[in-house]
Amino acid sequence: MEIPYAVKPRPDTGLYNAKLGIWLFLASEVMLFGGLFSSYILLRVNAEEGAWPHHWLNIWLGMTNTFVLIFSSVTVVLGWASLKMGQFKRYKFFQGITLLCALTFLGIKSVEYRDKFMHYEVHLKDGRIADGHLQPAETTDKTLVLEGRFAASHAELMEGSLHHGGEPVIEIPRDQIVSMENYGPWHNTYTALYFTLTGLHALHVVGGAIVIFAIWGPLAKVWEQDPERYTNRVEVSGLFWHFVDLIWIFLFPVLYLL
Amino acid sequence: MSDLHSPSAAAGAADDHSIEQGRKRIRTYLIVGVALMCGTVMTVWASLINFGSREINIALALFIASTKGFLVAGFFMHLISEKKMIYAVLSFTTFFFLALMYLTLFSMAHGNIVHIR
Amino acid sequence: MQPAAHTESRARGPHHEEPGFWRKYIFSTDHKIIGLQYGVTALLFMFFGFCLMLVMRWQLAYPGKAVPVVGKLLFHVLGAEVVGKDAAGNVGVIMPDLYNSFGAMHGTIMVFLAVVPLAFGAFGNFVTPLQIGAPDMAFPRVNMASYQFYFLGGVIMFASFFIPGGAAQSGWTSYSPLATVTAGSQHPNGQTFWILGMVCLINSSLLGAVNFITTIIQLRAKGLNWMRLPFFVWAQFVTAFLLLLAFPPLEAAAILQLMDNLLHTSFFLPTGLMVSGQALHVSGGGSPLLWQHLFWFLGHPEVYVLILPAMGIVTEIIANNTRKPIWGYRSMVYSVMVIGFLSFIVWAHHMYLTGMGTHIATFFQTTTMMISIPSVIILTALFISLWGASIRINTPMLFALGFLPMFGIGGLTGLPLGFNVSDIQLHDTYYVIAHFHYIVAPGTIFALFGGIYYWYPKMTGRFMNEFWGRVHFALSFLFMNLIFMPMFVQGLEGMSRRMYDGGATYAESGGVVGLSRHIVGLNVPISHAAFALGLAQIPFIINFFYSIKRGRKAASDNPWEATTLDWQTPTPPPHGNFSEPVEVFRGPYEYSVPGHARDFTPQNEPDQPEPLPHGNPLRS
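Chains as they are written, first to last, in the working numbering: chain V, 274 to 531; chain F, 32 to 148; chain P, 94 to 713.
Just chain V, with the same shape it has in the complex:
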C-alpha cells in the first residue's frame, strides 16, 4: 500500500504530509532559537552596568546581509509560484538566484568573522590597553603591529562607534604585553552570544541551501515524473528558507543595533 496523502492533501486536515511535517519541525526550531534568544535576554539583562558592548559590528555589512536574505526569500517564493504555474525554467532561474544569495550571505559573514578574529585587545605592562586589528604583514617575533589606538579606559572599549576607521598603526614590543586576546567567542558574553547565534544561524543557511540545491539540481528529474510532488518539495524547502530569513530579521537588530 502507498503511503496516503504524501502528495494530495488529506480532506479533513487540508494538508499533505510533508507540509505538516515541516511546520512541526519549524515549531521545534522556534523552541531552539527561542531558548537561545531567552538566554541572550537573560544574560544581557543581568549583565553589569557598562559591561555590554555597543556597535561592535559593522551595521552596513549587517544591513546588506539582511537585504540579501530578504531578496532570497522573495526569489524562493517566486520560484515556487513559477512551479505552480508550470514554468519550470523560471523556477530554475529564481532558485539559482536564491542559492547565489545564500553564498553571498555566507561570504559576507566570513568577512565579518575574520574581522573579529583579527581584532585584538592587548594589555600592556604600563597599564595601557591597545585595541585594534592585527597587521600580520608587519608583525614580527619582537613586535606586534596593530591598526588601532590606545584606549583610555575599559568603558571606552565597549563603545564601538568611538573607533573603527582611519586609525593609526601602533607598534607594541612583545615584551611589554601582559595579555592579549582577540574578539573571539571567549572574549566576553556578547561575542560568545554573537558567534553562537550567528554561527548556528549560518549552519541553518548552509543546510537549507544544500537541500534547495539538491532539489534544484540532482533531484530535478522528479518534476518530469510527478510535478505535484516536486512542487510540494520546493514549497517545503522554501518554508524552511523563510524561517531562516525570519530568524535573521530578529538577529540583525538584536546583535547589531541594540
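Please note that a few of the clues may not be correct.
Claimed, not checked - Mimicking DSBU-like on lysine-lysine, the simulated pairs with C-alpha atoms at most 35 angstroms apart in a straight line are:
{"id": "1", "chain 1": "F", "residue 1": "LYS55", "chain 2": "F", "residue 2": "LYS114"}
{"id": "2", "chain 1": "V", "residue 1": "LYS415", "chain 2": "V", "residue 2": "LYS398"}
{"id": "3", "chain 1": "V", "residue 1": "LYS365", "chain 2": "F", "residue 2": "LYS55"}
{"id": "4", "chain 1": "V", "residue 1": "LYS494", "chain 2": "V", "residue 2": "LYS365"}
{"id": "5", "chain 1": "V", "residue 1": "LYS362", "chain 2": "V", "residue 2": "LYS281"}
{"id": "6", "chain 1": "P", "residue 1": "LYS417", "chain 2": "P", "residue 2": "LYS315"}
{"id": "7", "chain 1": "F", "residue 1": "LYS114", "chain 2": "V", "residue 2": "LYS362"}
{"id": "8", "chain 1": "V", "residue 1": "LYS389", "chain 2": "V", "residue 2": "LYS415"}
{"id": "9", "chain 1": "F", "residue 1": "LYS114", "chain 2": "V", "residue 2": "LYS365"}
{"id": "10", "chain 1": "V", "residue 1": "LYS389", "chain 2": "V", "residue 2": "LYS362"}
{"id": "11", "chain 1": "P", "residue 1": "LYS315", "chain 2": "V", "residue 2": "LYS494"}
{"id": "12", "chain 1": "V", "residue 1": "LYS357", "chain 2": "F", "residue 2": "LYS115"}
{"id": "13", "chain 1": "F", "residue 1": "LYS114", "chain 2": "P", "residue 2": "LYS315"}
{"id": "14", "chain 1": "F", "residue 1": "LYS114", "chain 2": "V", "residue 2": "LYS281"}
{"id": "15", "chain 1": "F", "residue 1": "LYS115", "chain 2": "V", "residue 2": "LYS365"}
{"id": "16", "chain 1": "P", "residue 1": "LYS117", "chain 2": "V", "residue 2": "LYS494"}
{"id": "17", "chain 1": "F", "residue 1": "LYS114", "chain 2": "V", "residue 2": "LYS398"}
{"id": "18", "chain 1": "P", "residue 1": "LYS315", "chain 2": "V", "residue 2": "LYS281"}
{"id": "19", "chain 1": "V", "residue 1": "LYS398", "chain 2": "F", "residue 2": "LYS115"}
{"id": "20", "chain 1": "V", "residue 1": "LYS494", "chain 2": "F", "residue 2": "LYS115"}
{"id": "21", "chain 1": "F", "residue 1": "LYS55", "chain 2": "V", "residue 2": "LYS362"}
{"id": "22", "chain 1": "V", "residue 1": "LYS281", "chain 2": "P", "residue 2": "LYS117"}
{"id": "23", "chain 1": "V", "residue 1": "LYS357", "chain 2": "F", "residue 2": "LYS114"}
{"id": "24", "chain 1": "V", "residue 1": "LYS357", "chain 2": "P", "residue 2": "LYS315"}
{"id": "25", "chain 1": "P", "residue 1": "LYS417", "chain 2": "P", "residue 2": "LYS117"}
{"id": "26", "chain 1": "P", "residue 1": "LYS417", "chain 2": "P", "residue 2": "LYS646"}
{"id": "27", "chain 1": "F", "residue 1": "LYS55", "chain 2": "V", "residue 2": "LYS494"}
{"id": "28", "chain 1": "V", "residue 1": "LYS362", "chain 2": "F", "residue 2": "LYS115"}
{"id": "29", "chain 1": "F", "residue 1": "LYS115", "chain 2": "V", "residue 2": "LYS281"}
{"id": "30", "chain 1": "P", "residue 1": "LYS315", "chain 2": "P", "residue 2": "LYS646"}
{"id": "31", "chain 1": "V", "residue 1": "LYS382", "chain 2": "V", "residue 2": "LYS357"}
{"id": "32", "chain 1": "V", "residue 1": "LYS389", "chain 2": "F", "residue 2": "LYS55"}
{"id": "33", "chain 1": "F", "residue 1": "LYS115", "chain 2": "P", "residue 2": "LYS315"}
{"id": "34", "chain 1": "F", "residue 1": "LYS55", "chain 2": "F", "residue 2": "LYS115"}
{"id": "35", "chain 1": "V", "residue 1": "LYS494", "chain 2": "V", "residue 2": "LYS357"}
Stated by the list, open to error - Pulled from the structure, derived: some chain F residues nowhere near chain P, Cβ distances all over 12 angstroms:
{"id": "36", "residue": "GLU51"}
{"id": "37", "residue": "TYR60"}
{"id": "38", "residue": "MET68"}
{"id": "39", "residue": "SER84"}
{"id": "40", "residue": "GLY100"}
Derived by calculation from the structure, the hints in this document are not laboratory data. Where a beta carbon is used, it is the ideal one built from N, C-alpha and C, also for glycine.
Based on the hints, put chains F and P in the right spot on chain V.
Just chains F and P now, kept in the frame of chain V:
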C-alpha cells in the same frame, strides 16, 4: 523543453483564472519584499536616533522586527491562509516559548541570594 | 501524468524485488524493523546501564572493597587512575571519580538510551502504524535516519568510557560550572562526548516526534476518528509533542555548554570562579542557573515521556485481559492532553533550592500540584476498569497489574517533593532516588516488560513461556521493592545522593551527629536485592531468545482475542501491513458487548445487521 509543454502547464496554463491568481500572488510577494527592505532601512535609521532611553530603541526595533516577521510568516510562508492544524501547533509553540522566556526571566530577576553575574 | 510506481514513492507493488539483507534489516525503512532495531539496541543499553548500577551498588555496600568478578577487568580496561587497590592489595576498587562517572552515565543511559528508545522508539514505531491502520510511518526514510542518529549517539556515549579521563562525571544533569571545569582542560573529554552524544539523541527524538505526530494526524484509517483511537496511540501522540517542543531548549543549552567547554566562553560560568585555588581564565558574566532552567525545561517533560507510553501499554493490556472497555476512556484522553500541556510549566520544582524567590516557587508549586490531578485520574480509571471484570491472569497482565500500585507509590511520593517547603528536607536525598525509580523501574519498565510479553506473539507467532514469565514478574516485583522502599527511609533521614561511599563519611561516630548506622547499613540489603534483581532477569533473557523458535505457537493471528487493529494483521505483519485500506467502525475496546456472540469485536469488523426481534415473520 519549453514551459508551455511542461507537465502541469496542461492543467495550469490553460486555465486563465489560475494564471490571474498566479500573477496576483507574485504581485503580493513583490510588494511584501519591498516592504521588508523598507522595514530594514527603518530599523537601522530608528536605531541611530537617540530617544533618551534605551528602552524605547529596544521596543521600536523589536516592533519593526516583529512586523517584518509577520510579513514573512503571513505572506511568504502562507500562514495567513493556513489550516487550523498548523495554527494549533504554532499557538502551543508560542505559548511554551513565552513560558520558557518569562518564567526563566522572572525567576532570575529577583529573590536571588547569590549575585548571578 | 501518472506518478511513477517505484522511483521516489514507496509503493511496493506485486512485482517489486525483494531487498537484500542490508536493505531489509540494517538500512530498513519499514517501521516494524526500525522498531525492532530500537528495541534490541535499547535493551542492550538497559543491560549496560544496569551493570553500571551493580558496580555502584557494590561500592555503596562495601566501600573500599575490590569489586569481585569484574574488578580486575575494570582495572585493566580503565586504568589505575580510576580503579584502585583495597587494603588487602586486591585490585578493583571503584575510586570516587569512577563512581561519579558510572552514576552520571547510569542515569544518562537509562533515560536517553534505554527507556525512552524502548518505550517511544521501539513500541511506538512497531505498534502505532498498525493500530491506526496505516501502511507505515508518514516519513519512512526520516524514521531510518532517526534510528541512525540514536545509534550514533549511543556509540559516542559508550565510547566515552574509553577515552582519557573517562566518561562524563557531572551527573546526568551536567550542571555548570562542574561540567565545564571537571577533567581539567583535557579535550575532548567525557563531557564533550556527552554533549555530542546528547545532540545526536536529541536530533533523533526530534525527527521521531515529527514522524509520529504527522503519522497519527494524517494516516489514521477511514472511520478512525480521534475518540476511537486506542489509548496507546493517544499516549504516543502526546509524548511526541513533548519531545518536539521540550528538547530544543536543551539542544540550545548543550551547544552553549559545548562552547563553554571547548571555546572557553562563559555562558554558564559566573565571574570570579576559582578552581583549585586559581582564578579561571574566562570572561565570566555567565549564569549557572541558566543551564538549570534550560536543562529542566526538557528534564521535566522528559519524565512524562518516560511514563506516558507505559500508561498506554498498560491500558491496552488491561482492556484486553479484563474483557471490558476501559472505564473513563474520555477522561483519560483529556487527562493525557492536560498532562502534556502542564508538563511544560512545572520544571522549576527541580530548582526549589536555588533561591528563586517565593513568588516563582509558588507558581511552580501550584502547577506541580495541578499536574498530579490528571495523573491520578488516569490511574484511577485503570483501577476502576478492573471492577466487575473477568480478569484473565497471564504474564502481561501481571506486569500491568503490578504497574498500578507501583506507579501509585512513585507518584504519591512525588507530592512532598512538589511542595517547596518539604522539598527543603528531601531535595537531593535518596528519597528523590526512590521516588523516581519507583516510577521508572517497577513503573515504566514493568509496563515495557508487559508489552514485550504481550506483543511477542504478533512479532514471532509464538508465546513466551508463561511459567518463567510469572517467575520473572514475581522476582522482579519483590526485589525492586526491596531495593527502593528502604531508600525512602534513608532519604527522610537526610542521606544525600551521589555519595560514592554510601554515606560512610557522614555516619555518626564517637558522639558526632550524622547518619545513623542503621541507615547507612541499609545499603547492604539494598545492594543484595539489586544483585538478586539482576539474577531475576536471566530467565527473561533466556525465555526471550528461546521462545523465538521454541515457544508455544499462537493458534491464530489474534491469540489474545484483542479488538485493536494491530491484532487484525497477518503474523508477522508484512511490508505495508494491510493488503487493503482499512475501515474502522467502532471504538477501541468493544469487549463483552451484550448481544454479540464473541466477547470482543475488532475495530475493523463490518457492522453486523441488527438482530431482528423475536417472533418477526421475516426472520429465517
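- Task: Check each numbered hint against the structure and report the violated ones by number, ascending.
- Result: 10, 17, 19, 25 and 32
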